[in-house]
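Here is what each chain is made of, one letter per residue.
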Amino acid sequence: MIGLLKSMATTMKHALDGKTFTVEYPETAPEVSPRFRGVHKFSQERCIWCRQCENVCPNDTIQIVQDDMRNGEQYNLHIGQCIYCRLCEEVCPVDAILLTQNFEFTADTKNEFVYNKEQLKNVPWYKGIDPLNSRNPDRSAWVGEGDGEIDYQ
Amino acid sequence: MGALALQTEQLLPEQIAELLGLSGVPGEIVGGLIGAFLIANIMLTMTAIAGPWAKRKITAAFTDRIAVNRIGPFGLLIIIPDAVRLLSKELIVPEGVDRPSWDLAPIILPASALLGFAVIPMGDLGPVNIHLADPEAGLAIVFAFASIASVALVMAGYASNNKYSLMGGLRAVAQNIAYEIPLIITALSVVIFAGTLQMSEIVAAQGTALFTIAGVSIPAWYAFVNPFAFVLFLVANMAEIGRNPFDIPEAPTEIVAGYQTEYSSVYFVLFYLGEFIHIFLGGAIMAVVFLGGAAAPIPALEFIPGFVWFVIKIWAFFLFTQWCRSALPRVRIDQLIEIGWKGMLVLSFANLVLTAIIVGVII
Amino acid sequence: MSLEEPLPDTVQEQSADDLEALLGDLVIGREEHINAPGFVIRPDTVQESLRRLRDDAGFDHLSCVTAQEYEDRFESIYHLKKFDDPTQEVSVVVPADKENPVSQSADAVFRTADWHEREAYDLVGIQYEDHPDLRRILLPDTWQGHPLSMDYDQDQPQIVALREHANPLQEDHRSETDSDTMFLNIGPHHPATHGVLHVKATLEGEQIADVESDLGYLHRCEEQLCQNSTYRHQIMPYPDRWDYISAGLLNEWAYARAAEDLNDIEVPEYAQIIRTMGAELCRMAAHFLALGTFALDVYGDFTAIFMYAIRDREEVQNILEDLTGQRLMFNYFRLGGVVWDLPEPRDEFFENIRDYLDELPEHLEEYHDLVTGNEILQLRTIGTGVLPPEVAKSYGATGPVARGSGIDYDLRRDDPYGYYDELDWDVIVEDGCDNYSRLLVRMQEVEQSARIVEQCIDLLEDWPEDERNIQSNVPRTLRPDDDTEIYRAVEGAKGELGIYIRADGTDKPGRFKIRSPCFSNLQTLPEMSNGEYVPDMIAALGSLDIVLGEVDR
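Chains as they are written, first to last, in UniProt numbering: chain A, 1 to 153; chain B, 1 to 363; chain C, 1 to 553.
In isolation and in its complexed conformation, chain A is listed as follows (with noise of 0.2 Å):
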């Protein structure tokens, strides 16, 4: 009987004090890290088409198309198939590919989800943070020297 009013009170006292861990979201946008990976961000400048994001991607997302002269066409992406591992970002050798904290995306179809090179372009930062700052500290950490064989082609 105790035990039972002990787990009485305990939900009273969080009923009267007040506290909740609700978030209204849309009007109050989460704070979340820099680290988050969200929708990629693609710069056609920075690209050097060198096809690293394409091969390392575990599923398939990405699809490069190029002329003959390995000048490249088309960068697409689906976003909806993505599962956001940011291997992408990691092999890219040149930042031209980058997971902004942007979460928030829509379509009607699953195949508005293929984001071509220029879509990729605008996707807008989360907040208007550009997160590479924060990241690019870590960045070094790994891609540095060390001993050992190093293959990064």
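Heads up, some of the hints might be wrong.
Straight-line alpha carbon distances no greater than 25 Å define the calculated DSS-like cross-link-like pairs of lysine-lysine that follow [claimed, not checked]: (1) B:Lys55 <-> A:Lys13; (2) B:Lys57 <-> A:Lys6; (3) A:Lys41 <-> A:Lys110; (4) A:Lys13 <-> B:Lys57.
Listed below are several chain C residues computed to face chain A (Cβ distance under 10 Å; list not exhaustive) [said to hold, decoys possible]: (5) Leu225; (6) Met329; (7) Pro343; (8) Gly373; (9) Ile376.
Covered stretches of chain B, going by a simulated chain C footprint (3 or more residues, C-beta under 8 Å) [what the hints assert, rightly or not]: (10) 63-71; (11) 240-249; (12) 254-265; (13) 328-336.
The set of hints was computed from the structure by calculation and includes no laboratory data.
Since this is a predicted model, take the numbers as computed values, not measurements.
Note that the Cβ used here is the ideal one computed from N, Cα and C, for glycine as well.
Given the coordinates of chain A, work out where chains B and C should sit on it, guided by the hints.
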């Protein structure tokens, strides 16, 4: 006490008949119908507030959330879209249901609970005494009406042609039988105190002061006179209306939603409605039998109309059911039956005998 | 309650030659797996061999059964361990004929072989003789072909005409005389099955006469996905999706451990501490959810406890989000370390964790008030869903389920990896064997995890700045030698999460097998619930804490 004596004299139908200038049998019929209509509407309004809004808000408070807050002040207007949503859904009639009883069950459930309010004295609101009928066997009648609900649950469970529903229906019967008896036996102990089954008399019997401490007089409500019976009655009542920890007939995590699994749209609304009215009826019985009916707890607050007190008491009971829901696990069906037959029944008889002895010896 | 018993000295250690002598002429060949000797035996001596290993050598834990097809043969591998000392492992390799792959079932020796062999039959196509019930388990009964066998035709349509196969929706023609029981489908869409599990229950009144789990609704070919991905990068995102209830880092560690041992990759100490910390945070999050959903199953509606548990889990997830960048699908580990150092500013990060850990005891106290101290809950959970230790061992139950049955088995201590053996913490064992014990184990493990995390952040805080090496140098392409085989397990949130990898000389695994703890634990459900009431079955299911993503893979 003068006001109370007046209340018992003139009931709502009589007042309405007087107002309309009718007398005799037509006056009784017209007054009764209008009065019933009014009271049913009051209850439906309360249910409308409780179901879509208050329950969400209360649960949210217990679970540290905010709940509805987009439409209207405190999200109160959610009631309207919710009503539209519930009523405009497709009424799915599964194949193989037993039509007459499948259709009747959702009507019987709220109806039985509403009927119970006929004999409940709800206090006065200004010059109006909200009390439909005051038969001599009032307490027996209200229990009789309230227990019709279990018939509805069985009908729904059986007619749905669904195994979960059937189990829910069977559980409902087992539970109702096991807890109806302790419920009524416990109420009988109050009857021994009051010496009457008439609702207004039971209320009137609680009108005196039990004792006075430092100028604050504690009323002779039976909850204070016999707290043991009060607790017994409270537990049995929770089981009777099927709220946590006794919500076994529904038990969403075990038998999905029991007897209401197959119901949708309007029929579901009726079930939902019936459940809430049933909670309110449970609260009303508690208020009348143990909490002094519509009386104010202390004389200083008597300027607030009795009806308001009555509503407050009903809502307090509703709040209590939600409080239990937030904190108490559901017991298992066999444990429930065991508690009912081996615990509650014995205790309620002990309470009855003790009360009888005390009343016989002392008073 | 919580006590760390020193490993009994009586666990005798046998060399591979001892074991070979024990098996005698049953052995027709030797194989060498990394960290386990392998004995090749004839397919009709499986029971005999396993029984000898179990009874005479003490290998009482059939951890995993792996089936695979080679160019010239089929093969089942029984990975055996000891509950008393899981570092002692042995693999029993059973080749089967290519044309007619028949192999004796191990079900008579280890009950856990039942489902594992069904899975092997389902995916690879090996027929197990003497198996009590050799049916498909993950794929539908009507499926044509065995997807992991070599001659499987990917493009074959899977729509089967009625005349070719029995209709799964056929009318029930069971005899009328047997009408005392009622057949009830619990799931796949049921509020208490935690996903899409279908429990076929036979009821006698309200009591369970028999239950049978029907799996596979969430089968996503995770093993095959990994077989088609490169070791170096592509596999790592997938473990997050096995046990997706915030136990991601623990799963990643399972793959990381197997692949690192396979490729001889050293992990820097600093990275090991970060891994340990992250993994324990994940375990806390997973156990909070387990607590919440168990409460949900027993209490009924979405009650306060569920929300409070979610609130606490949310805090852990915030920390993990700061660390890894994601809330569930972390993809934080890399072979040879982790991808990111702790987030800057580090002080703030440490402070966040400390704040959380400081509040934790109070919150746990609240759970004890709400849940474990509640008499009705005790009434409901004590003595129900009983799983005796011998049965648990036979079914290969691990994790909190085993520890709730009094089996002192925790890979973090018994088969140390990461930084666990440097830290001070206890293995929680409860010997009530019932739903309540399993609940208690999880709640106390949260405390222990908090202890580990606290020690980790102390270490990390004082770590010299120039030695913060988060990843060792790992070649961009990993090609382990052909035919190296490894089976490695870690202590996941639900129990022993093992990975078997066979390298085939390319940069992708030749065979990738996941030993899912939930899969083995779920197998104990009939043992726990037969003869009990429906609500107890639901509670037992909740206390197993299964995640269907990991069961079905």
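**OP:** Establish whether the coverage given for the region 328-336 of chain B by chain C is satisfied; the threshold is a Cβ-Cβ distance below 8 Å, and no fewer than three residues must meet it.
**Re:** holds (count 8)
Q.
Hint Pro343 (chain C) vs chain A: min CB-CB distance below 10 Å?
A. OK, holds: Pro343 (chain C) within 10 Å of chain A, min 7 Å.
inquiry  = Using the nearest Cβ pair, does Gly373 (chain C) come within less than 10 Å of chain A?
reply    = holds (4 Å)
Item to check | Cβ contact check, 8 Å cutoff: the region 254-265 of chain B against chain C, three residues minimum | outcome: holds (count 3)
Given pair status - Lys6 (chain A), Lys57 (chain B), alpha carbons within 25 Å = holds (22 Å)
- prompt: Does the interface hint hold: is Leu225 (chain C) within less than 10 Å of chain A, judged Cβ to Cβ?
  reply: holds (8 Å)
Note to self: A closest beta-carbon separation below 10 Å is what the hint needs, so does Met329 (chain C) meet it against chain A?
What the structure shows: Constraint on Met329 (chain C) satisfied, holds at 7 Å.
Would the pair Lys55 (chain B) and Lys13 (chain A) pass a check requiring their Cα atoms to be no farther apart than 25 Å? OK: Lys55 (chain B) and Lys13 (chain A) at ~18 Å, within 25 Å.
Verify the coverage statement for the region 63-71 of chain B against chain C, using a C-beta to C-beta distance below 8 Å and requiring 3 or more qualifying residues. holds (count 3)
Has the region 240-249 of chain B got at least three residues whose CB is nearer than 8 Å to a CB belonging to chain C? holds (count 3)
**Asked** Do the numbers back the hint for Ile376 (chain C), that is, is its least Cβ distance to chain A under 10 Å?
**Response** Holds, because the Cβ-Cβ distance from Ile376 (chain C) to chain A comes to roughly 7 Å (cut-off 10 Å).
(message) What's the verdict on Lys13 (chain A) and Lys57 (chain B), does the C-alpha distance respect the 25 Å limit or exceed it?
(response) Judged against 25 Å, a Cα distance of about 16 Å means the pair holds.
The structure agrees with every numbered hint stated previously.
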